[in-house]
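Required output: the full structure, derived from the provided sequences and hints.
There are 2 protein chains.
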Amino acid sequence: MNKEIFDYLASNRSKHLEELTKYLAIPSISSLPEHKQDVKSAAKWTAKALQDAGMENVKVYETKGHPVVYGDWLKQEGKPTVLVYGHYDVQPVDPLELWDTPPFEANIRDHKIYARGASDDKGQVFMHIKAVEAILRTTGSLPVNFKFCIEGEEEIGSPTLPQFVEENKKLLAADVIVISDTGMQGPGKPAICYGLRGLCGLQIDVTGANSDLHSGLYGGAVQNSIHALVEIVNSFHSPDGKVLVEGFYDSVQEITSEEREAFAALGDIDEELKEQLGVSELHGEPGFTARERTYVRPTLEVNGIYGGFQGEGIKTVIPAKASAKITCRLVPNQDPAEIADLLTKHIYANVPAGVTVNVSLFDQGHPYVTPLEHPAIQAAGRAYEAIYKVPTAYTRGGGSIPIVAAFDQLLGLPVVLMGFGLSTENFHAPNEHFHLENFDKGLETLCTYWYELAESL
Amino acid sequence: MNKEIFDYLASNRSKHLEELTKYLAIPSISSLPEHKQDVKSAAKWTAKALQDAGMENVKVYETKGHPVVYGDWLKQEGKPTVLVYGHYDVQPVDPLELWDTPPFEANIRDHKIYARGASDDKGQVFMHIKAVEAILRTTGSLPVNFKFCIEGEEEIGSPTLPQFVEENKKLLAADVIVISDTGMQGPGKPAICYGLRGLCGLQIDVTGANSDLHSGLYGGAVQNSIHALVEIVNSFHSPDGKVLVEGFYDSVQEITSEEREAFAALGDIDEELKEQLGVSELHGEPGFTARERTYVRPTLEVNGIYGGFQGEGIKTVIPAKASAKITCRLVPNQDPAEIADLLTKHIYANVPAGVTVNVSLFDQGHPYVTPLEHPAIQAAGRAYEAIYKVPTAYTRGGGSIPIVAAFDQLLGLPVVLMGFGLSTENFHAPNEHFHLENFDKGLETLCTYWYELAESL
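Top to bottom, those sequences are chains A and B.
Here this note's numbering is used: the first residue of the first sequence is -12, the next is one more, and so on.
Here this note's numbering is used: the first residue of the second sequence is -12, the next is one more, and so on.
Each hint should be verified, as a subset may be incorrect.
Said to hold, decoys possible - A partial selection of chain A residues facing chain B, derived with a Cβ cut-off under 10 Å:
| # | residue |
| --- | --- |
| 1 | Pro20 |
| 2 | Asp81 |
| 3 | Leu186 |
| 4 | His201 |
| 5 | Gln210 |
| 6 | Phe223 |
| 7 | His224 |
| 8 | Val266 |
| 9 | Ser267 |
| 10 | Lys302 |
| 11 | Ala309 |
| 12 | Ala340 |
| 13 | Val342 |
| 14 | Val346 |
| 15 | Ser387 |
| 16 | His415 |
These are calculated hints, taken from the structure and not from any lab test.
Built from N, CA and C at the ideal position, the CB exists for glycine as well.
Structure follows, in structure tokens:
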């Protein structure tokens, strides 16, 4: 490891932040068809950045959906090969009026950079690119071999990447996958996430009468689609927060006393969470701490609900249609397809009188746990400790990166989730931002890691 | 009564429909601030039409809200004075994509005129204007005296009209109020509605965390505002359709066996309703027929619900806010303010853990029942029978015209609800329309009524 690398990072900091600002300016919202061209532009931008950093065989692979960007550097014979995965697509930005500065005009204030994608995940993809650039420019080589696979559909559940991986197993063959798309424990507290929750999404559409109706003429005589939807949605949980869908918890790997102790040792986050979120009390499955609930317990969340009149004042209407969007977070050994089945059965078994119901299935992703003792994970822990000067926490993650499980199944590789985000950074919400402290230290950590890894695998 | 009047109506039919088309072209949506000028234009149009019909002292009275249009003809000394009330404002038109032709471009097809306001209530206001015009142009006089009071805020609960009436008691003094804003029993079946339900509207706003949250990072640990809202909304009804708000039914005047028999004699509408609305079963308070539920039983309907993501696909968010819009239909002797209190108490008593809730009160209107045996009502029944050649049905109405109760309280006048709409005409919904058969017969009925009334009061 070479001091010149850190000097390079320090002296190029302004230039790097200017480049990142341009990257963040591309509104690559993968879920909205009107941003298709923007997603493509972000792919091209990523490819160009990889090329400029010294990667070879850089290519934008077209898929049925948004493109995958690939680039490699394979000149270190006998050394391990790292597959760096990330995503250049971002979440939608609504409600726009809650952003203090425009989501696609990065704004640096108070040592943070504010923009959609700053933390999740363009900012962290950018760091990976700049880390290899720094090492190559200062030393003329890299300590390990690299393959970059940066996709554009992570925020919509990576629908086409598994097929891409399947068809390009040789291209993507490596010894370890490294992903920076998770969070740290808190400011100054590095963490390696060794498990992720899975995902299962669906939508319920309720239809009552064949038209919106005047509530005076028909009110009381006909089922209201909102009432029916609410009845279904309310049947999902007990008031104290347990999921009531039959069989939902059947495959859940129960928390062990070792895990419980390890999580407790990470500290109680309940009070901190309450203050951070501005709520008087937390709410969730009884018998578990907030950390346990987000690490090792599954959830069923309604992400959106709509039906009838939403304008100002009132409209005396009985709406014909009402809908709810739902995602479950899953833990080992829940199977997304099986959970989708259980939910669908539950919904159809609870259809109120006088309406018809349709269930549409959306994204699914398997939960995943990595072996904590894997040398690639331990090397990552040492890299963090060298830069942050505190012990690395080994955690589980509440979020889902469906592709992690797919990589596991398709390539059979260990995955190191080495994130630099903070949970307060409003991913998926207005005013997303990224702490520049972790931009700087993260770059140094990544550079350190590649040298640690060269000696570990 | 003069055959020339009917000839006049017949020979001017095309001209009248052209005029009505212009009236319906004005998007006078009183609930949407962006249509304020359109509402004003509709007021001016109404005033001009009254003037052209031969009314005198025509004036557009400004109010704190939308204007009131007045005009009179008081040359028949010794004869009763009729106050004709109606409204020139209309409901919003969303969802726009469900309209077969644009809502503000009247389209005549299959003997119906399609447009927002065609039936509720511009079409019927227009008929009243054309009826007096027809009599005046053919006979040079009118059988009774007239005062027109046409407002622009009926669809938002007539917030300023009571004050206008209070301040203009002398101007509006009359012997009877006639309103055409209710429906007939069915095609060819005239009806006089002798009672209306009242109204009580409110909105529930639920707030959880101080920002939308990533469902992976926080899912399971914090209350979801949609779950909390759904829990509250679901507490309003039993699954079989009874309102569970404590005290809600306490003041309800129970249906008498006479009423029950009278309603039964009007025929069972359940099967007809099911077919018309395209539902496999009706749904409502147990122990009552659909007719009884809409005539004499109160309701609580959610008119709109919204929170979180509404776009295509999924967004893994825990929304910070969720809202529901609610209106109750009230029957004698429920008091809107008291019901609002009961609902508010119920909501605040059922706030789930981890959220705050705010209740905003909206429109309120008293329920109203007129004395069925009043000569003005009986004369209206005879006028219908003379034109439609079938017995007139005496019904109760499920809708609310809050101003009816206000007129009763402020002016102490009997109210004759003489409507020409049909319940299938999609008031408040896409593809609102009005049957031209009832436009033609309705005009003749009104003309006949004024001569009947001249002899009855």
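Status of the hint placing Val266 of chain A at chain B (closest C-beta pair under 10 Å)
For Val266 of chain A, the interface hint holds, since the closest Cβ of chain B sits about 5 Å away, which is under 10 Å.
Let me know if the C-beta of Asp81 of chain A comes in closer than 10 Å to any C-beta of chain B, holds or violated.
Interface hint status for Asp81 of chain A: holds (8 Å vs cutoff 10 Å).
Closer than 10 Å between Cβ atoms is the bar; does Val342 of chain A clear it against chain B? Give me holds or violated.
holds, 8 Å
Quick check on the hint: Gln210 of chain A CB to chain B CB, less than 10 Å?
At about 4 Å, which falls below the 10 Å cut-off, the nearest Cβ of chain B leaves the hint on Gln210 of chain A intact, so it holds.
Should the interface hint for His201 of chain A be scored as holding, given a Cβ-Cβ cut-off of 10 Å against chain B?
Holds. Min distance 4 Å.
Go through the hint on Ala340 of chain A and say holds or violated, using the shortest Cβ distance to chain B against 10 Å.
Holds, because the Cβ-Cβ distance from Ala340 of chain A to chain B comes to roughly 5 Å (cut-off 10 Å).
Hint check: 10 Å Cβ-Cβ cutoff, His224 of chain A to chain B
Where the cut-off is 10 Å and the nearest Cβ of chain B is about 6 Å from His224 of chain A, the hint holds.
Quick check on Lys302 of chain A please, does its C-beta sit within 10 Å of some C-beta on chain B?
holds, 6 Å
With 10 Å as the cut and Cβ atoms as the points, is Ser267 of chain A at the interface with chain B?
holds, 7 Å
Regarding the hint that Ala309 of chain A lies at the interface with chain B, is the smallest CB-CB distance below 10 Å?
holds, 7 Å
Residue hint Pro20 of chain A, partner chain B, criterion CB-CB below 10 Å:
holds, 8 Å
Using the nearest Cβ pair, does His415 of chain A come within less than 10 Å of chain B?
holds, 5 Å
Going through the hint list in order, the structure does not satisfy hint 14, though it satisfies all others.
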